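Chemist: Residue numbers (my numbering), protein chains in the order written: chain A, 263 to 642; chain B, 16 to 494.
By construction, these hints were calculated from the structure, which means they are not laboratory data.
Certain hints may be false.
As the list claims (entries may be wrong) - Pairs of lysine to aspartate or glutamate residues, derived as EDC-like cross-links and limited to a Cα-Cα distance of at most 20 angstroms, are as follows:
#, chain 1, residue 1, chain 2, residue 2
1, B, 439, B, 419
2, A, 352, A, 434
3, A, 454, B, 235
4, B, 65, A, 452
5, B, 84, B, 140
6, B, 317, B, 395
7, A, 444, B, 235
8, B, 26, A, 521
9, A, 558, A, 586
10, A, 558, B, 32
11, A, 372, A, 434
12, B, 264, A, 452
13, B, 264, A, 448
14, B, 26, A, 520
15, A, 357, A, 378
16, A, 440, B, 235
17, A, 382, A, 363
18, A, 322, A, 311
19, B, 65, A, 486
Here the structure is a predicted model, which is why all the values come from computation and not from measurement.
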Amino acid sequence: MSLVGDTPAPIDPQVQAAADQALDQLNEHTLKTVHWHFSEDTGSPFWLEKKAELNFDPLKDVQSFDDLKKFPLFEDEWLRGGPIRRWVPKGHAEKPVYVFETGGTTGIPKSRMVIEDHWKDYELFSDTLPDEYFPKGANWLMLGPSGPRRLRLAVEHLAQHRGGICFCIDLDPRWVVKLIKKGWMDHLEEYKKHCIDQAVTILTAGHDVQCMFATPKLLESLGDALEEKGTSLAEVGIKGIFSGGTEFTPQWTRFAVEELLGGPPEEGGVFMTPTYGNTLMGLACSKPISAADGYKISYYAPQPRAVTEVVQFDDYNVKVGYGETGRVKLYTLTDEFFVPGFMERDEGEREQPFETYPWDGVSGVRPFHELASATTVGVY
Amino acid sequence: MITLNPLRWGKQYDSLDFNDVVHFDTGEPIARIGTVGGGIVGRDMRVAHKAREALLEVPTNELLQMCRKAAELFEKETLPVGDSQQTVDDFIHQQSASTGLPEHMCRSNMTKNSFVLSNMEQILDCLTRGLDLSILSNGYGEEGRGVTVSYQAQTPILGAILPNNSPGVHTLWLPAIPMQIGLALKPGSQEPWTPYRMVSAFIEAGVPSAAFGLYPGGHDAGGAIMAKTARSMIFGSAQTVAQHAGNPKVQPHGPGFSKILLGDDIVDDWEMFLDVMVESVLSNSGRSCINCSGIWASRHTKEIAAAIAERIGPVDVRPPSDPDAQLAAFTVPAMATGTHAMVQQDLAESGVTDMTAEYGEKLIEREHCAYLRPMVVHADSPDRGVASKEYMFPFVSVVECPQEQMLSRIGTTLVGTVITSDEKFIQDASRCVDIDRLNIGPLPTNRLNWLQPHEGNIIEFLFANRAYQIAPMPAAANV
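For reference, chain B alone in the conformation it holds in the complex (with noise of 0.2 angstroms):
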């Protein structure tokens, strides 16, 4: 059985209080991890400056190289992962053990973590929108007209309290490291796997250990990280994101409640984006915040809903390791009951109906675990509560909705797919304030652009765009 210590600061600590890392099946443990309290993060955060002097040392070009490496040796070496050698193969099935997240899925993932590192160059060059990287190591620089910029980092380090079951979302601290901003990292509990490999291959491609601090552990643990640091991201519930919201120190990650909005001009041609709607639901088996959970049209509904329901109906469990497997499990067999439970009440309501009825029972439960089949709801007006709630798990509500009310009744939206040609229509959702990305056009909510700033631009959140002015000193005061 693996045993994946803490890391402070680049050293391994040797904790005396472990937490097993069970197989989500079979209840049996197959890691177990060294936890550290509040005191010993607290202590180390007092000397995070250190990390961002270690990075500082290396220039940001060579770390970018750094980083291409590491996307190599994360995504396809063997490397030293806790006290044992991890090969790719042990941390998909590792992954795949402890999320319930079927395998392939896992390497999906893992693919999609080695693309965002290997091009980091290209995407601090959009999110920064073609700054010059030195500036941000400087503090300030040439902008190129003759205008001085300074950007002046607002932090040492980035804190992340990481979530337990959602591997693809580490894309989101990755930059950090090129930007010489080093790593306070709460890994979670059921998934420790990739910031404990991503971390091992960055340190193995040259980035000083220094730079990155692991510390599993407690609530205590975590609280400790975001209290003590200026900047940190941390990933939850909708009342996570509504704990921290206005917080300038956190920035929260939770629901994203995404949607796919068919416009009056296309909706009787509605067939034609039916794959798109699939993916969006089904992809990643549900449990995104990019994943598509409300698709609003006018008109056609009901057939729309019955369409995908047909689709995604009939999946159903199967082994994690078979390739058509499309369902994560609920490691936490009580977190599919309530969940279920919730959607019984949502159904409940005058207005709602279960398109998936007859496609067979939807919790299936098993000795360690649970599973929810898809399931697709219509709701015959956006006022009914399913039009707003998002699950962990392939679960889409079609609201029927005039054209004209959408954008001011479809709420927070992170991924906004606006299928239409109509300009008038374009144009409005372009000004919504609701829609975070926006996609124009038959995109799936799931498939991301990574040329394209993500929700809550890194380079703004760690970096304060500043005045910076510089006159000459007098000749006199030089003596």
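Isolated chain A (complex conformation) (with noise of 0.2 angstroms):
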């Protein structure tokens, strides 16, 4: 999927003015960042602590976005284990606290202290949505993983940011983590059944949902189940859906589209937009996809909430070129979370900024090839 050896085109002189602004705003936003997480007074016990190992004073040695790759690269072990408290700045001492996990098929999971910051993200994103297709108002179905998981919550509060109401189904993946691993595919067929029943009966019971998120492998299944049924994801009332994950590839895109959703919006009557994002970074949103644009996705991260980057393989402080491929590192910079710099389990193609997202992107992204083998993937 590299496109090493094409050329890619010049920037826009207006993408490239604005892309310039951008990164101001990414540098005193890093600022503002780094102060609070490191002074004594608002930092989280974590960070405070991490400081003495430092061979830097992160409150006099960062002065820009890029002087984040003084720190040593995030662990995600950090997160595994207690105490949860350490992760909260005394700047939030007081607000009431959120835990949203992630992994934990085997062993400890990690987990990530949350405040606002899922909020904030899916209004951010809501601001994205086109209304002709996600109507204000309109009720939302979660098809998608329940429990300590931060999507839930996070898909609760866009319908109701939008004015409606929020119907979830219960998916633990942990357990079709271990159905996939025991072989018990039977089990994981059932599993799904109930999963997509449940969401069936929401959608077909008069709630008035015209609105959903789904993991592209649940938003199959439905359509499946709802065509058994005699009708269609767009019969019984869905105008806009957004899914996410590294499944979410171009081939998939164009199958949903061609296959599952009758067509490209303007026929078929559904919008469907990818997202790629994790319990650290938040949502990143996609460039428009289109069958002319052989339906390459593209994604740009909520800067400068937080950051994506593409780097090399062999230095993970060296972006690649534009059209290159690279591994993703993201950096979160917000005042409940600090990342400065976290290896992701993703590889993709460095994209230039555009009219909207006047900053770098990430294409292509799947497992990381150097780790592919050891994961599951498509849980739900």
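Since each chain sits alone in its own frame, please combine them into the complex, following the hints.
Modeler: Next comes the structure, spelled out in structure tokens:
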């Protein structure tokens, strides 16, 4: 998938100007965030303790976003085990705290404490949704992982933020992973059916659900289940879908648009947008996808709250050229959580800024080739 | 580089996702395969009945003629495969390059597949025990002694999750077409060649293209085939077989644990049967489920093991184009190193002796692949763990066991060659439920008679024998 050898088109001067301005904002935001997390009166116990181990002073030596490379890479092992309070910035000490988990099929799950970040991420995302297909006031269905994961509350907030009410289903992805590892594929099918039955029940119960979140696999299954009942996503009233994950590939998008949703939105009546996110970063939005562009999917992080870079496989401090392939590195820069460079389990191609998102993006996201064989993909 | 696209009931699908097929020794890409996910497979399976309908339009005898034609095309002609025209030599080179099988073994598997296809009429005659094929086609008919018989197709299509490196097993799904059952195949990621070329040969021979689905992809695609077809076959490990055991929808094919049993009446003359034993162990680089993994006798076992070791122990790695090459490469080197480690564990058990130790290193590691050279192991009792092992290279355990205990101790045995003239032993072997294919006499385990039923008779898998009664309608009802 590497585009090495193709010369990327020069960046439009207006986009470049916007990109320069965005970088200025990012530098300023970085300074503010580092000072918040490393000041004695606002920082978290974790980072204040970590400060003593550093061979530089974040308060003096971080002057720009690029200076974050002075930090060691963020290790996700730090998120396994407690006490969870060590992550809560003193500046937010009195506020209610959520804990969201990721992983946990084996061993201790990774926990991230959150105060309001999940709301803010989804409010920003809300601004990118076209009202025509995600009508304000419409009800939502959340067809994805539930339990201690961030997604359920985040989507629910998105629905409420847009004036709707969110219906949810019950889905434990850790059980799904165990079923796959045990080879209990019949049980897997039954569990999937159990989840889809819940969704079909809600969609056909007169709740005026017009928007939904679904993982690619569950969306496929839901579409199939509705067709078996002689109806379709469009016919039960769905207009807008957002979906996400590394399985959201151009091939899958083509299948979904051409075969599952009855064509592009103007023909099939259903708009679908991909997203890429996780418990650390929040939600990256996609450049609009089209058949003319080969269903290429390019993600752009919600800068300056989070940043993604595509970096060289052999030097995580050096970005690859535009169109070239590298590993995805992310930064989280909110007043709740600070991640100065975390190596994602994904790789992809570096994408140029454009009008809507005048900063770098990443396309072709897929499991990092060196880790791919050890990853159970397609959990739900 | 050749590009192979998915085929959706005869229509090429331009995938946007590709997997590279690489040369086992150099790592260079030799093909790219467009893949599909489970969603596409699932949607196609909803209209699978059209595949059977297309085949039902063609009379069975014409399909049999087309099979004969397809056999010739498959074995001898240049055929459109993917975006290229594939000669026979191209096919051999490509298959050898991606699977690590020596080229002469690829040719021999090609001949085997072609033989089955060209002799389909006799094979079906054997599998159905002489049933008029129009009965399968119509669903019912007259058996010939005044009795109506009925065979009900259990599925419009046969799904198959095909293996990566055993081109000979494709013979198992070929009979579906003349029985007017469509095919949804997930080709192996390293051996897409046989299913692609075979489907091309069928279509060129006149079989409706709507009968064929080829769905390269990951577990997701295979899972969708298995979940959404009423009958499917899968090739895999012992765990795969165990996972599907007892599932009437699935016919799993795994290790064969095939064996040769030497009767007490002939075991003193064991040297007469050395060629049979060597061929059974070494043919096709020991990869097939019909290769012999155990030789059981009550005495002379050390001498037997030493004699086999003397014949196959010196076999070494040769280039795939060498007509004398006997060893296939492990295209995933970790499989070889892992297998080697398991064998070392087997050898650590008391009573187990490596009879090939003096023939040099067994694990040969290369940059992109690895080889395991042949091994013969002696076990002084069926209690040794190695007595029930099977590996994907020429490996056999020669097990010392009293004759009267053999049939109760051998365990699952796909092919059992029992070399004896002892009528009681023959009778007991005939009644032994652990042996699937039974050879009485000096028949190598790898030599099949295609006019005998093979494991998991596909007729019984795809059709159910049922009651069917017809009474004339009263005249008034026809008014």
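Chemist: Check the hint pairing residue 352(A) with residue 434(A) against an upper bound of 20 angstroms on the C-alpha distance.
Modeler: Given that 20 angstroms is the threshold and the Cα spacing comes to 33 angstroms, the pair is violated.
Chemist: Is the Cα-Cα distance between residue 26(B) and residue 521(A) 20 angstroms or less?
Modeler: Between residue 26(B) and residue 521(A) the Cα gap is close to 15 angstroms, so the pair holds against 20 angstroms.
Chemist: Is the Cα-Cα distance between residue 26(B) and residue 520(A) 20 angstroms or less?
Modeler: holds, 16 angstroms
Chemist: Holds or violated: residue 317(B) and residue 395(B), Cα atoms, limit 20 angstroms.
Modeler: At roughly 9 angstroms apart (the allowed maximum being 20 angstroms), residue 395(B) and residue 317(B) satisfy the hint.
Chemist: Between the alpha carbons of residue 444(A) and residue 235(B), is the straight-line distance 20 angstroms or under?
Modeler: holds, 16 angstroms
Chemist: CA of residue 357(A) to CA of residue 378(A), is that 20 angstroms or under?
Modeler: holds, 10 angstroms
Chemist: For residue 65(B) and residue 486(A), compute the direct alpha-carbon distance and say whether it is at most 20 angstroms.
Modeler: Holds - the C-alpha atoms of residue 486(A) and residue 65(B) are around 19 angstroms apart, at most 20 angstroms.
Chemist: Hinted pair, alpha-carbon criterion (20 angstroms max): residue 454(A), residue 235(B). Please report holds or violated.
Modeler: holds, 14 angstroms
Chemist: When you check the alpha-carbon spacing of residue 372(A) and residue 434(A), does it fall within 20 angstroms?
Modeler: holds, 16 angstroms
Chemist: Would you check the hint for residue 322(A) and residue 311(A), treating anything up to 20 angstroms between C-alpha atoms as holding?
Modeler: holds, 17 angstroms
Chemist: Holds or violated: residue 65(B) and residue 452(A), Cα atoms, limit 20 angstroms.
Modeler: violated, 27 angstroms
Chemist: Taking 20 angstroms as the top limit, are the C-alpha atoms of residue 84(B) and residue 140(B) close enough?
Modeler: holds, 19 angstroms
Of the numbered hints stated above, those contradicted by the structure are hints 2 and 4, listed in ascending order.
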